[in-house]
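Chains as they are written, first to last, in the numbering used here: chain Z, 1 to 369; chain B, 1 to 369.
Just so you know, nobody snuck in bad clues.
Identical copies go unnamed one by one, so any copy, or any two together, can satisfy a pair.
With a cut-off of at most 30 angstroms between alpha-carbon atoms, the simulated DSS-like pairs for lysine-lysine come out as follows:
#1 LYS275 to LYS322
#2 LYS275 to LYS104
#3 LYS279 to LYS102
#4 LYS260 to LYS102
#5 LYS24 to LYS66
#6 LYS19 to LYS80
#7 LYS279 to LYS72
#8 LYS19 to LYS43
No lab work stands behind these hints, which were simulated from the structure alone.
2 protein chains.
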Amino acid sequence: MKIICSKSELLQGVNTVLKAVPAKTTMPILECILIDTTDGQIKLTANDMELGIETKIKGDILDKGKIALEAKLFSEIVRKLPDSEVTIQTDENFRALIKCEKAKFNIAGKSGDDFSYLPEIEKDQMVVLSQFSLKEIIRQTIFSIADNENNRLMTGELFEINGNEMKVVSLDGHRISIRKIELKEEYNHIKVVVPGKTLNEVSKILTGGIEDYVHMFFTGRHIVFEFDDTVVVSRLIEGEYFRIEQMLSSDYETKISINKKELQSCIERASLLVKEGDKKPIIMNILDDSMELKINSFIGSMNEDIDIIKTGKDLMIGFNPKFILDALRVIDDENIDIYMINPKAPCFIRDEAQKYIYLILPVNFNPGV
Amino acid sequence: MKIICSKSELLQGVNTVLKAVPAKTTMPILECILIDTTDGQIKLTANDMELGIETKIKGDILDKGKIALEAKLFSEIVRKLPDSEVTIQTDENFRALIKCEKAKFNIAGKSGDDFSYLPEIEKDQMVVLSQFSLKEIIRQTIFSIADNENNRLMTGELFEINGNEMKVVSLDGHRISIRKIELKEEYNHIKVVVPGKTLNEVSKILTGGIEDYVHMFFTGRHIVFEFDDTVVVSRLIEGEYFRIEQMLSSDYETKISINKKELQSCIERASLLVKEGDKKPIIMNILDDSMELKINSFIGSMNEDIDIIKTGKDLMIGFNPKFILDALRVIDDENIDIYMINPKAPCFIRDEAQKYIYLILPVNFNPGV
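Please put together the full structure from these sequences, using the hints given.
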């Protein structure tokens, strides 16, 4: 194989597929990036068997062929090359010569035949949305997936499409995040659970433009994201997702409207008194026009009053400050509404149109504190 | 004690003295920042017994007194406060109430009487230079101090003043870095060894302005840096520094002139093939108008030609690439001269005026490679 391409084009391609190279694996071939030019295009591929990424780069093919190169070393070499034309040439022993200006690298590769290609997917079910929307909706929900594997379904996100609405849900047993967006067209009903890891990686390689589109394809076992010159194929998580509708309620006894930034800064300050692993709640004491937030830990105590507009009853309720902060950080509204029932029932942070709903369970606290 | 000051003023003061708070210590009082207002100024102090920093901040003293507050917690609280006036008030049990707008923190402090003050230093020997010069000369030499304590003198830097010249030297057994700067006045002869840690911390809190000055005072056991509203006092390392003059030589058999950036980029690329702990040298094969750099490791091989202007003999010589890179990164000249004698003798990177001299020992290599 012999190809010539620009360093910048090669680097961008390598950085894109690098997201699917596993950090640890017992199969050395998975640590490689495949360069394949056999069908007349320069394609880079990485595949950890759960998630595969393929991207095409511009360049000249002087000799068709393929080679698998150790991803970490190859990407570091490409990164450090001068900004110029790069030639990659391989021999029958799978050694690769990488030339750029006067620099010549000679490294060992592996046969491209040992590489696992991405599965062929039938592209019947298709949904289109902007890269911006997909990137945003992932960011706004991904924090509340569970980080351990005790329940596989909790490590992924529900993607559900009904007509022209796409709903994304994540939950970890303490909280639920729900975001809805409107699609430009009507689609058939789709309901799949996408691994959190896939969404994290996809979100990193999306450029995020409002005018740039992503095509998503669904099958029973896979989801495919196509955008720019890149294809991402991921397995889905199998099983029936949690029935969240029955956990949602629009009843409330207390509703407060509050400046989001003020609440967020206040809870960030209070969190300083909570050390890792220490489960001190932040207590909200909701009165007529103001809410007192207080926290009391081994380190010290802190309290602060914040102006609110209240409807309904007074209430004293405790939360894990991290859970409230996670939700506040992904809400762009200047003012938010929080709906509560009693100190044992979940609270809901949601907008009028229910484009977002963040459900958070309260925690017990000693009201004497 | 009760004081009022702006959050920004307080934060800057806290960040300055924080550099002298030890990461680990068996004496809890050393983990504190002392706030002392007994003599009518708000002074913050931290002191790890080797290095002490004191800085004054602007503010109003409503009640004189002093308090020691746990540095990490206190600095985090200050950082997260709103940008407004901060009140700190303490009671007879050394509890501190920190108020800012509507936020109130209550944390436990310690008696200021337990705190170790900075030693009183007689300020007889004084040297003045710009913050810029001091910060630069530290950056340009600090990388070649030894990082283990086997030889205490190697963990510091020699500061030597002769007339109007200040010379700073560091060495670690494999290389020597020497920088000289001209001072505006003539001074008495001074020769001390300053701990590397002190210089690292001082360099972080210097603003680095050309028009901002540092006053350095020397005694037999201490060095004092005074600048802006800050005083840094550090112990010196005792003992006789290495006689470096006899290691320097102006003889050479081969001299090359080379573009610094080109050489640096090339060695950075070559370093990709050297893993941590692997001692593969980079080999320079110096011919008439060009130098071939090559490296050959378990991972692969790399070579590159660079244009040079050569005086003297051809030479093949090997170096630890890191040592060459460290020196190149702190030289600002576009072109540099490297002087060599033979593959066993040190090379010198130095300018005509000898404002800088970087001596680097070569390493053995297998010339057949």
